[in-house]
Amino acid sequence: MELDYFLFKAINDLAGRWPWFDVLMRLLVNEYFVPTTMALILVIMWFWGRDETEQARYHRIVILTALSLITANIILKGINLLYFRPRPFDTYQVKLLFYKPWDSSFPSNPATTGFSIAVAVALHDPFWGLPFLILAILFGFSRIFCGVHYPSDVLAGALLGTITAWFYWKYSHKLEGLIAFIRRLLKRFCLA
Amino acid sequence: MPPILNFVSPALALKYLGLCFLSITGALQIVAGKRGIEGLSLFPSSLRLYQVTIGLALIAGSFAFFFIITPEVFTPGLAGSELMILFGCGGILALAFSTTVAELRGNQRFRPILPDAEESLMEGKVAFFGTKAGEKVDLCLIPDPWEPFSLDFLARRLASSGHRVAVLHWQAIPDEISAIAFPALALGKYGAKMAFGHRVGGNIALHLASQNSQIKAVAIAPFLSLEDARPGLRWLREGGIFTAFRRLRKREGLVKALLPVEIPTNSVIINPETGVNPWGMVLTEEIVKICESEAKGLSMVNGC
Numbered sequence: 001m002e003l004d005y006f007l008f009k010a011i012n013d014l015a016g017r018w019p020w021f022d023v024l025m026r027l028l029v030n031e032y033f034v035p036t037t038m039a040l041i042l043v044i045m046w047f048w049g050r051d052e053t054e055q056a057r058y059h060r061i062v063i064l065t066a067l068s069l070i071t072a073n074i075i076l077k078g079i080n081l082l083y084f085r086p087r088p089f090d091t092y093q094v095k096l097l098f099y100k101p102w103d104s105s106f107p108s109n110p111a112t113t114g115f116s117i118a119v120a121v122a123l124h125d126p127f128w129g130l131p132f133l134i135l136a137i138l139f140g141f142s143r144i145f146c147g148v149h150y151p152s153d154v155l156a157g158a159l160l161g162t163i164t165a166w167f168y169w170k171y172s173h174k175l176e177g178l179i180a181f182i183r184r185l186l187k188r189f190c191l192a
Numbered sequence: 193m194p195p196i197l198n199f200v201s202p203a204l205a206l207k208y209l210g211l212c213f214l215s216i217t218g219a220l221q222i223v224a225g226k227r228g229i230e231g232l233s234l235f236p237s238s239l240r241l242y243q244v245t246i247g248l249a250l251i252a253g254s255f256a257f258f259f260i261i262t263p264e265v266f267t268p269g270l271a272g273s274e275l276m277i278l279f280g281c282g283g284i285l286a287l288a289f290s291t292t293v294a295e296l297r298g299n300q301r302f303r304p305i306l307p308d309a310e311e312s313l314m315e316g317k318v319a320f321f322g323t324k325a326g327e328k329v330d331l332c333l334i335p336d337p338w339e340p341f342s343l344d345f346l347a348r349r350l351a352s353s354g355h356r357v358a359v360l361h362w363q364a365i366p367d368e369i370s371a372i373a374f375p376a377l378a379l380g381k382y383g384a385k386m387a388f389g390h391r392v393g394g395n396i397a398l399h400l401a402s403q404n405s406q407i408k409a410v411a412i413a414p415f416l417s418l419e420d421a422r423p424g425l426r427w428l429r430e431g432g433i434f435t436a437f438r439r440l441r442k443r444e445g446l447v448k449a450l451l452p453v454e455i456p457t458n459s460v461i462i463n464p465e466t467g468v469n470p471w472g473m474v475l476t477e478e479i480v481k482i483c484e485s486e487a488k489g490l491s492m493v494n495g496c
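From first to last, the protein sequence lines are chains U and W. Numbering follows our numbering, with no gaps: position 117 of the first sequence is 117. So our numbering is basically just the index in the second sequence, starting at one, shifted up by 192.
A couple of the hints might just be wrong.
Calculated lysine-lysine pairs in the BS3-like style (CA-CA distance at most 25 angstroms, straight line) [unchecked claim]:
hint : chain 1 : residue 1 : chain 2 : residue 2
1    : W       : K448      : U       : K187
2    : U       : K77       : U       : K170
3    : W       : K324      : W       : K381
4    : W       : K226      : U       : K187
5    : U       : K174      : U       : K187
6    : U       : K187      : W       : K324
7    : U       : K9        : U       : K95
8    : U       : K9        : U       : K100
9    : W       : K317      : W       : K442
FRET-style restraints, in silico, Cβ to Cβ [to be verified]:
hint : chain 1 : residue 1 : chain 2 : residue 2 : range
10   : U       : L178      : W       : Q403      : 42 to 48 angstroms
11   : W       : G253      : U       : L82       : 41 to 47 angstroms
12   : W       : G253      : U       : G177      : 39 to 45 angstroms
13   : W       : A252      : U       : L130      : 17 to 23 angstroms
14   : W       : F235      : U       : P19       : 26 to 32 angstroms
Sample of chain W residues lacking proximity to chain U, with all beta carbon distances greater than 10 angstroms (derived) [unchecked claim]:
hint : residue
15   : S238
16   : F255
17   : P304
18   : F341
19   : G380
20   : G383
21   : P456
By construction, these hints were calculated from the structure, which means they are not laboratory data. These figures come from a predicted structure and were not determined experimentally. Glycine residues also receive a C-beta, built at the ideal position from the N, C-alpha and C atoms.
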């Protein structure tokens with residue numbers, strides 16, 4: 001716990017030193033910028049395939065990523081119901097660059113969301129995965145920088161997202177029927 | 193536990209929906225431009241070079257606009273589940289908007305070009321470019337029955353470089369018998385030794401070449417499997433989504449009748465990925481060059 005606070009303080013103390021960096025972190029920390037950007041890249045990926053084989057591969061990645069995201073968020077909600085951890089600003093004096101969220105600090109919701117998407121894409125396609133991973137890391141970092149999460153919250157969220165994504169990657173062959181069904185359904189509307 | 197959906201701020205929800213709609217429209221323009229998906233494109237193919245830039249500008253602009261007009265971003269706002277739902281709604285709206293605009297724009301893509309002469313044959317019409325009606329021609333162009341004027345531009349280009357060209361203008365969607373009979377009759381009557389077909393026209397050209405070794409075929413984006421004729425994303429490369437649905441049933445039947453097609457040795461099939469988009473196809477110099485070199489080869493073989 002002390003290490004957690006020590007790391008939190010080390011990162012949070014950087015806030016207010018460079019105004020441009022504060023602006024960047026404030027852009028990243030909110031619930032809109034990073035998730036929407038990630039979702040947009042997934043939309044582009046969906047249509048990116050040049051031929052049927054490539055399209056099938058990208059569609060598979062996007063579907064598994066969506067499943068990973070949904071599953072990780074369900075598990076997160078479950079953990080939130082069982083365990084409540086106060087936010088850093090509830091306990092300590094922090095440099096707060098964001099509003100005061102009232103829900104549990106552990107595990108970090110944005111880190112879970114970011115990593116469940118980023119790792120799911122990166123495991124299937126490292127080239128496309130790289131921008132997602134960068135966004136997920138920045139998203140998690142910005143939450144500590146702005147004073148709304150402890151590093152352990154972000155780490156736990158990242159771990160939860162990563163494990164969920166890995167699970168879907170490892171057992172994706174068991175979901176081929178579902179993936180084929182979703183594609184068949186969307187093909188009828190010329191969308192797959 | 194808080195409710196999953198409460199949309200604490202309707203104004204914020206509306207602004208976020210606007211952001212999703214505009215940015216997804218931008219994303220669709222990027223893929224439409226990069227991958228030549230006509231059915232998603234808000235702009236004609238001639239602007240394809242700029243389409244990616246327009247798409248990126250739309251995304252950047254919508255984000256900038258959202259963050260400028262939304263100070264509530266830094267107050268408790270929408271929950272994750274609400275964001276997902278709004279993103280989905282924005283996506284549906286963007287898709288509906290893009291496909292509708294592409295459809296309306298696509299309806300005006302192919303206009304007939306005034307031929308040098310024209311005559312009726314069977315249930316169709318034959319347009320002559322670079323020659324008079326009823327005279328011998330070097331090439332017979334067979335457009336897709338659903339796009340009867342898509343090859344007029346190419347015919348005019350070939351005529352301007354000295355070729356005598358006949359274009360078969362379908363007056364109605366043919367059945368499997370007249371789909372072969374009309375071009376076969378035209379080729380015989382006008383002495384053309386080369387059939388150049390696009391999409392289903394390509395299948396017809398290949399059929400004619402496999403039945404008659406004297407005829408050479410150039411097929412652009414023919415249907416090489418029945419799966420190609422079934423609905424899917426590839427349909428949007430060709431045109432609007434509503435057009436695709438209108439064509440669906442009859443086209444699948446016609447393609448089924450024209451398959452399996454044996455690809456004759458004296459035929460050229462042009463990569464469907466470059467050939468699906470007729471605008472891209474007719475404007476491509478390479479296609480004209482292939483067409484010209486094939487025609488020249490035939491002239492030499494025939495000793496003309």
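Going down the list of hints, with the structure as the test:
no., hint, verdict
1, W:K448 x U:K187, "holds, 19 angstroms"
2, U:K77 x U:K170, "holds, 24 angstroms"
3, W:K324 x W:K381, "holds, 14 angstroms"
4, W:K226 x U:K187, "holds, 21 angstroms"
5, U:K174 x U:K187, "holds, 21 angstroms"
6, U:K187 x W:K324, "violated, 46 angstroms"
7, U:K9 x U:K95, "holds, 9 angstroms"
8, U:K9 x U:K100, "holds, 17 angstroms"
9, W:K317 x W:K442, "holds, 21 angstroms"
10, U:L178 x W:Q403: 42 to 48 angstroms, "holds, 46 angstroms"
11, W:G253 x U:L82: 41 to 47 angstroms, "holds, 43 angstroms"
12, W:G253 x U:G177: 39 to 45 angstroms, "holds, 41 angstroms"
13, W:A252 x U:L130: 17 to 23 angstroms, "holds, 21 angstroms"
14, W:F235 x U:P19: 26 to 32 angstroms, "violated, 40 angstroms"
15, S238, "holds, 21 angstroms"
16, F255, "violated, 7 angstroms"
17, P304, "holds, 27 angstroms"
18, F341, "holds, 23 angstroms"
19, G380, "holds, 37 angstroms"
20, G383, "holds, 38 angstroms"
21, P456, "holds, 24 angstroms"
In the structure shown, a violation is registered for the earlier hints numbered 6, 14 and 16, in ascending order.
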